[in-house]
Structure formats: C-alpha cells, structure tokens
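Given the coordinates of chain D, assemble chain V onto it according to the supplied hints.
In case you want the letters, here they are:
2 protein chains.
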Amino acid sequence: MKRGNMLIAQSGGPSMVINQSLVGAVLAAREFPTVGRIYGARHGIKGILDGTFIDLRKETMATLEAVAQTPSSALGSVRRKPSAEDCVAIFRQLHSLDVRYFFYIGGNDSAETVHIINEEARKAGYDLACFHIPKTIDNDLRENDHTPGFGSAARFVACAVMGDDLDNRALSGVKIDIVMGRNAGFLTAAAALARVHPDDGPHLIYLPERPFSLDRFVADVQKVVKRLGRCVVAVSEGVADRDGTPIAAKFIQETDSHGNKQLSGSGALGDMLAGVIRDRAKISRVRADTFGYLQRSFPGVVSEVDAREARAVGAAAVRAALQGKASSGSIAIRRKPGRKYGVFFEVVPLRNVAKETRHMPPAFINRAGNDVTQAFLDYARPIVGPLPRIGRFRQMR
Amino acid sequence: MKRGNMLIAQSGGPSMVINQSLVGAVLAAREFPTVGRIYGARHGIKGILDGTFIDLRKETMATLEAVAQTPSSALGSVRRKPSAEDCVAIFRQLHSLDVRYFFYIGGNDSAETVHIINEEARKAGYDLACFHIPKTIDNDLRENDHTPGFGSAARFVACAVMGDDLDNRALSGVKIDIVMGRNAGFLTAAAALARVHPDDGPHLIYLPERPFSLDRFVADVQKVVKRLGRCVVAVSEGVADRDGTPIAAKFIQETDSHGNKQLSGSGALGDMLAGVIRDRAKISRVRADTFGYLQRSFPGVVSEVDAREARAVGAAAVRAALQGKASSGSIAIRRKPGRKYGVFFEVVPLRNVAKETRHMPPAFINRAGNDVTQAFLDYARPIVGPLPRIGRFRQMR
Numbered sequence: 000m001k002r003g004n005m006l007i008a009q010s011g012g013p014s015m016v017i018n019q020s021l022v023g024a025v026l027a028a029r030e031f032p033t034v035g036r037i038y039g040a041r042h043g044i045k046g047i048l049d050g051t052f053i054d055l056r057k058e059t060m061a062t063l064e065a066v067a068q069t070p071s072s073a074l075g076s077v078r079r080k081p082s083a084e085d086c087v088a089i090f091r092q093l094h095s096l097d098v099r100y101f102f103y104i105g106g107n108d109s110a111e112t113v114h115i116i117n118e119e120a121r122k123a124g125y126d127l128a129c130f131h132i133p134k135t136i137d138n139d140l141r142e143n144d145h146t147p148g149f150g151s152a153a154r155f156v157a158c159a160v161m162g163d164d165l166d167n168r169a170l171s172g173v174k175i176d177i178v179m180g181r182n183a184g185f186l187t188a189a190a191a192l193a194r195v196h197p198d199d200g201p202h203l204i205y206l207p208e209r210p211f212s213l214d215r216f217v218a219d220v221q222k223v224v225k226r227l228g229r230c231v232v233a234v235s236e237g238v239a240d241r242d243g244t245p246i247a248a249k250f251i252q253e254t255d256s257h258g259n260k261q262l263s264g265s266g267a268l269g270d271m272l273a274g275v276i277r278d279r280a281k282i283s284r285v286r287a288d289t290f291g292y293l294q295r296s297f298p299g300v301v302s303e304v305d306a307r308e309a310r311a312v313g314a315a316a317v318r319a320a321l322q323g324k325a326s327s328g329s330i331a332i333r334r335k336p337g338r339k340y341g342v343f344f345e346v347v348p349l350r351n352v353a354k355e356t357r358h359m360p361p362a363f364i365n366r367a368g369n370d371v372t373q374a375f376l377d378y379a380r381p382i383v384g385p386l387p388r389i390g391r392f393r394q395m396r
Numbered sequence: 000m001k002r003g004n005m006l007i008a009q010s011g012g013p014s015m016v017i018n019q020s021l022v023g024a025v026l027a028a029r030e031f032p033t034v035g036r037i038y039g040a041r042h043g044i045k046g047i048l049d050g051t052f053i054d055l056r057k058e059t060m061a062t063l064e065a066v067a068q069t070p071s072s073a074l075g076s077v078r079r080k081p082s083a084e085d086c087v088a089i090f091r092q093l094h095s096l097d098v099r100y101f102f103y104i105g106g107n108d109s110a111e112t113v114h115i116i117n118e119e120a121r122k123a124g125y126d127l128a129c130f131h132i133p134k135t136i137d138n139d140l141r142e143n144d145h146t147p148g149f150g151s152a153a154r155f156v157a158c159a160v161m162g163d164d165l166d167n168r169a170l171s172g173v174k175i176d177i178v179m180g181r182n183a184g185f186l187t188a189a190a191a192l193a194r195v196h197p198d199d200g201p202h203l204i205y206l207p208e209r210p211f212s213l214d215r216f217v218a219d220v221q222k223v224v225k226r227l228g229r230c231v232v233a234v235s236e237g238v239a240d241r242d243g244t245p246i247a248a249k250f251i252q253e254t255d256s257h258g259n260k261q262l263s264g265s266g267a268l269g270d271m272l273a274g275v276i277r278d279r280a281k282i283s284r285v286r287a288d289t290f291g292y293l294q295r296s297f298p299g300v301v302s303e304v305d306a307r308e309a310r311a312v313g314a315a316a317v318r319a320a321l322q323g324k325a326s327s328g329s330i331a332i333r334r335k336p337g338r339k340y341g342v343f344f345e346v347v348p349l350r351n352v353a354k355e356t357r358h359m360p361p362a363f364i365n366r367a368g369n370d371v372t373q374a375f376l377d378y379a380r381p382i383v384g385p386l387p388r389i390g391r392f393r394q395m396r
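Quick mapping for you: the protein sequence lines, in order, are chains D and V. In this text, residue positions in the first sequence follow numbering that gives the first Met the number 0: the first is 0, and each later residue adds one. In this text, residue positions in the second sequence follow numbering that gives the first Met the number 0: the first is 0, and each later residue adds one.
Bound conformation, chain D alone (with noise of 0.2 Å):
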C-alpha cells in the first residue's frame, strides 16, 4: 500500500445521497493509517486547478453525519470537461499536494473525466489511483444495475404523480408531468410507481427509448380521457423524434462541455404538449407541471436502500484503492440473483462507465411504447422503498 495523501471532489448535477457516498469514503479513509492528508476540492477538478480545497479531517463526526443526510453536493459541483492543459494542471496541484488516491463522484461525464485524468497520470508517469464513484438520478451508468441518486429521485417522482393523480381525481382534466433524464427514462418510469387502483394515474408514460409522435400522444390522451374522464402523463424532458432530436431542444440552446443539451429548468416542453391537447383533443382544463430541480434536491424525500448503497458504495471505492485491488476503476452496483433483493460492488475499468448512457432495456417498455411492464416495477420497487399509503372511500371505487 502506498503512502499519500488522497483527494475528493463531487461532479455533475447534484443529488438527494451524493454526500451519502463523499461521508463514505472519507470515514473508510480515516481507517487507514497510510492516508494522510483528505483534501476535498470545491466545486470538483475546478477546486483542484484553483487550489480550493477544504480539509476533511478537521471536520466532526457530527458534521459529517449532517451533511451525509442533507440534498445536493456539499463540497460544490462543476460540469467541466478537462483539456490536456488541465490535466497537466491538475498533475502540478495534486503532486504538489502529495496526492496519490484521487476519488471523483459522478455520472458518465464525471467518470470520462476520471478516465482522463488517469490516462494522462499514466502518460505523466504520476502514480495516481483514480476512481469514480457512482452518481446519477438519471440510473443511466453502463455496468450498474442501478445508481445511486436514482431510488430516492424515483421515490419524489413516484410520491409527486401520487399526490397528483389524487389532485386529478379530484378536479379532472389533462395532466401532464415532466420529468428529468436526458437520454434515459429510468426516472419517468418511476412514475408508474405511485399506482396503487387499475384507475390510478400515471396513465400513460413517454420515455426517451421511444420515438415520440405528437399525433399518436394526442390519440393516446383522447381515449384515456374517454374511459376515466381524467388522464395523468408522466413525459420524459428527453422525448424526441424519429431523428433523435428531442422534442424540448427545438426551445432550448444552452449546451454544456460534455456537449449536453441542457433540457431541465423550463417549462416550455409541459406547456407545448398542454397546448396540444387543449387545441386539437378539445379539451378545456389541461394543465402541465414540470417537477424540474426538486426532483434531486427535496430535503426529507429519501429512499433507505438509496441512502445505504450510496455510503457504501463511497467506502467501497476508498477499500478498493488503499487495499490495491486495481490502480483505477469505477465501482458498480450488481445485483445479487433471487427473489430476496440485494446487491454486492465490484471495480470495473473506467472505460466501460466513461460517457455513454445506459438506456431502459426493451423488457422494461411496454409494446405500444406507453407505459412501463410489470418487469420494471419488479426492478424498482425495492431500489425506491415502500411509499406513503394513500386512503380512499370505498364507496368512491
């Protein structure tokens, strides 16, 4: 085991367990003698090209146990992709800093940066271990049954489309439900939890998987409606077309540096479909609500699986590297089989997690493309936990 000092640092959009996996790692780092120093960078590689770091030693145990349990990424966040000059940037801070374990939490674009870092530390010829730690609400890493971040996310967006539905059972009409995932529609899909009654909304579900049609939505809507009288939707904010675009970029223009489309923090999408329903099926009350940041951020809302995995897997990171099981690696969630749910981690190479997303398998979506199978909610209902249990008049059946 080599000696040194480590660093961590946390990437990408926040989420409701992300410090879950930073506390972690910093309390299975303080089990080892031959750590030193545990820097935490602010505001992930950004704090290490600006030599912004706090010192996590000197913080309590009480602290650490608050932050674990509160939303979003308490060291800061980025989306920064590095250039080959930040990399020899970064080099020059962390070795002048000693650091030899280099932990970074995030999705698919933080583990690329991780992947480049530790191309270039082997170039360099630095001796760095680096490893990624999984984070995404989106579910969508390659190589994880699933992620964390994303059972407690599942678990707002199936609670907000519970209250929802009731809230349209009650005064009825068109409601649609926008929800976050770029490329992915793990999340959306979620949505299908919160039914409890064969007439419980969401009743129908769009996710990115499919081509999205304006015509065959509105089709959709219209025989719901004809049936329940009501209709709630849960669309993903990736839908897109036959070619690939999504339908919410023909709005929207910012993109970041990983060269992402930036999708969330709008309602334009919610209203475009509401005004196509209210145009072409007739229909009078139809309403849009884009769940938007709180999805990922809403103190309180936490699924325990979640919160557990996401601590675990942060320790698992810091054993894998100070124990030498692998120089570099990202650490992945599997499942273990049987009925009984459970999972075990396991180091695989940063290349297989780096960039590209992981999509909802064909078994997940149903044949119409609009809805979810009862094979997805096998699969989620133990990573979102056990939901409030709604109450409702017999006589209303």
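Rather than coming from a laboratory, the hints here were simulated on the basis of the structure. Fair warning: this is a prediction, and the values are worked out from it, not measured in the lab. Mixed in with the good hints, there may be bad ones.
A pair counts as met if it fits within one copy or between any two copies, since identical chains are not told apart.
Stated by the list, open to error - No farther apart than 25 Å at their CA atoms in a straight line, the calculated lysine-lysine pairs in the PhoX-like style are these: (1) LYS335 <-> LYS122; (2) LYS354 <-> LYS249; (3) LYS1 <-> LYS122; (4) LYS354 <-> LYS57; (5) LYS122 <-> LYS225; (6) LYS225 <-> LYS45; (7) LYS281 <-> LYS80.
Same frame as chain D, but now just chain V:
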C-alpha cells in the same frame, strides 16, 4: 336541536389536509343522535345537483383515518358558483333527502357558495343550517389568523426552496421559483423559512401585494449575483404590474365561473422571467421551476399543526351547528395572544369570509417590497413546524 340528515362536500383547490376536516366533521357528527344519515356529495355542489352521494356512515374507522392522512379531496371537488336556478335545484335535492345540516369545505369562493345557498334557503323558507369549513393553501380568508392547508403547503415550499438553494450553491447561477397564490403572497413568503445561514436563499421574494417591475427585478438580481455569485428568487404566480394585471395573465386566457384567471399549471411566467435575466443581465445559467400542483398534493409533506387544526375545525363546525349556536356561519381560526402558540375557533357570519380575499399585512413585507420581515417569520414558523436539519461543512461557510 333539530333532527335531520347531514350533507358535507368539498370544493375548490384540494389541499394536503382537507380530508382531515372532512373526517373531523364526520366523526363529530357521529356523536350526535339527532343526526340521521351523513351524505357525502361527490364533487361539491355538482354532486348535489347530479344526485351522486356516498353514505359516510358506511365507511369504517380505518378507512376514515386512512383518508384523513391522504392528500387531495377524497369526495372530489368542483369550481362552480351556483346560479339562482342551481339553488332551487339544490334545495329540491336537500329537501327530498331531508338534509337539515349542510357543510361545505373550501376557500372564499366556497364560502360565497354557502352564503348564496344560505340566503336562498332563507328566502325559500327551507330550514337548513349552512356552515362553511375553511380551507385554502393561499391563506387568504378574511377573519382567520391562518387557514387549514396553508401550513402544509408552506412546508412544501420552504423545503423545496431549502433543497433548491443547496442545489444552486453546488452549481451556481440564477434560480427562479414560481409559487402558487393568485392574490395573496403568504405561500410565496413561506420560502423565507428555508433560510438557516445568512447567505442562504431565497435572496429575493416577490409578492402580489406589491407592484412588480421587470427593471427593478433585473437590478435586484444583479445586485445579489454581484455579492454572492448566485441568486435564488421566489416569485408568486400572482405578481402583477402597477395596474394590477397579473404578469402571468398576459400568457393565459382560462377563467373559471367565479371570474378567477387560471394562473397555475403553466411554466410560462418562470420561463419569461428567466429569459429576461438571461438577456438583460447577461447571466448564462438561469433556471426556472414552477412548483405547481405538488404544493398542495405531495404525500407525506404535512405540517402536524396544520393537520391537527384542519381536523379540529371540521369538528368545530359540526358542533356549532348541532348545538344550535348559530344557524349559519364560517369557522374562523384565531390565534391566542401570548408567546406560546395556540388557537381557538369562532363562528363568524358567512358574508365576512365570502368572496373577498385577505392580503399579506404591510408589517409582513419589507420596505423595498422584495422580501418579508421578521414579523412574518414569527407568524409562520409555528404553523409550518420544524423543518429538516441541513448539514454544512464548517470550512464551506
């Protein structure tokens, strides 16, 4: 005490605790042997006109308690002002069912409905006790210190902004959150409860009680961004220009039978304000979220004080009617004087509550018109209850 059947219904926008009032009323009515059947009309006065009722004596205690914990209006709701002909039809129904006690749970429009029915019943010589049970997340009923539903919705808003501010701290920029409240700013003001540390958001709060100027808004945001490098803003959906025209009304046409413009269920106001900041203040990362219907329906986010008071106010209405204290009225919530929080209920004339709305008192709004005062925080805190604890690294302060 006159013998007769009772009818209860729910009206207007649902809330997190409107079913507590329903169950409180039903359980109180069961204590009076003079009450015969307990009818629940589906979808407010629409159910009376259509003759669609359920028998609330038939529901078990377990169901009643489960319904009480469930958001939205379990009997269904309606937004409809009864015409003179409607009233004639309503009496015919009530008479044929021998209903002598009528309870209607809702806001100021629902109080107006009860007032009209009460007046028409008097003119028609029909002996009917007419009571309004207060409910509105907007907190805008006259005569009331606060209204059932507000505490829980305010809790949602405070939690949402708390999480949102943490998110904005991790990835800086300008964040605009649009909060419900057509005429009164109480719910938007509740965003201020999210603040723990001096630099916490919301940094600016805009209410319908003060004229909204785009120039002033841009200047305010620029000042906060200059100081903190970021800015979280809470804006009421009802903000209006100097002439009293809601800014959002410029995009929306829908109006209900009480003459209210529909402002919710669209992201247009937030998107417009975000566009203005992007263009005029030259800030690239600007996001807007419209909290929408989640504010009144998200399961599990409830103020315990609110739930308890909602239950008690339903019971108080039934007791006032059955004990013959008055032949009609609305139950008003008054705050006990003194430091310790407590409330009591009073029967007030229907006309005192009907139609008109209560606004934020000037003492709750800062001089600049872009924030609330300590007096508002002191007023709101006990109604909303303790919020989730937020952890933060000492060195990040």
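Here is how each hint holds up against the structure:
Taking the closest pair of Cα atoms, LYS335 and LYS122 never come within 25 Å of each other, the shortest separation being 37 Å inside a single copy and 73 Å across copies. In this homomeric assembly, LYS354 and LYS249 come within 25 Å of each other (Cα to Cα) only inside a single copy, at 24 Å, whereas the closest approach across copies is 43 Å. Taking CA atoms no more than 25 Å apart as the test, LYS1 paired with LYS122 passes inside one copy only; the shortest distance there is 20 Å, against 92 Å between copies. For the homomeric pair LYS354 and LYS57, neither the shortest alpha-carbon distance inside one copy (34 Å) nor that between copies (59 Å) is at most 25 Å.
Proximity of LYS122 and LYS225 under a CA criterion of 25 Å is satisfied in neither setting, with 64 Å inside one chain copy and 41 Å between copies. Taking CA atoms no more than 25 Å apart as the test, LYS225 paired with LYS45 passes between copies only; the shortest distance there is 20 Å, against 54 Å inside one copy. Taking the shortest Cα distances, LYS281 and LYS80 sit within 25 Å of each other only across copies (23 Å), while inside one copy they are farther apart (47 Å).
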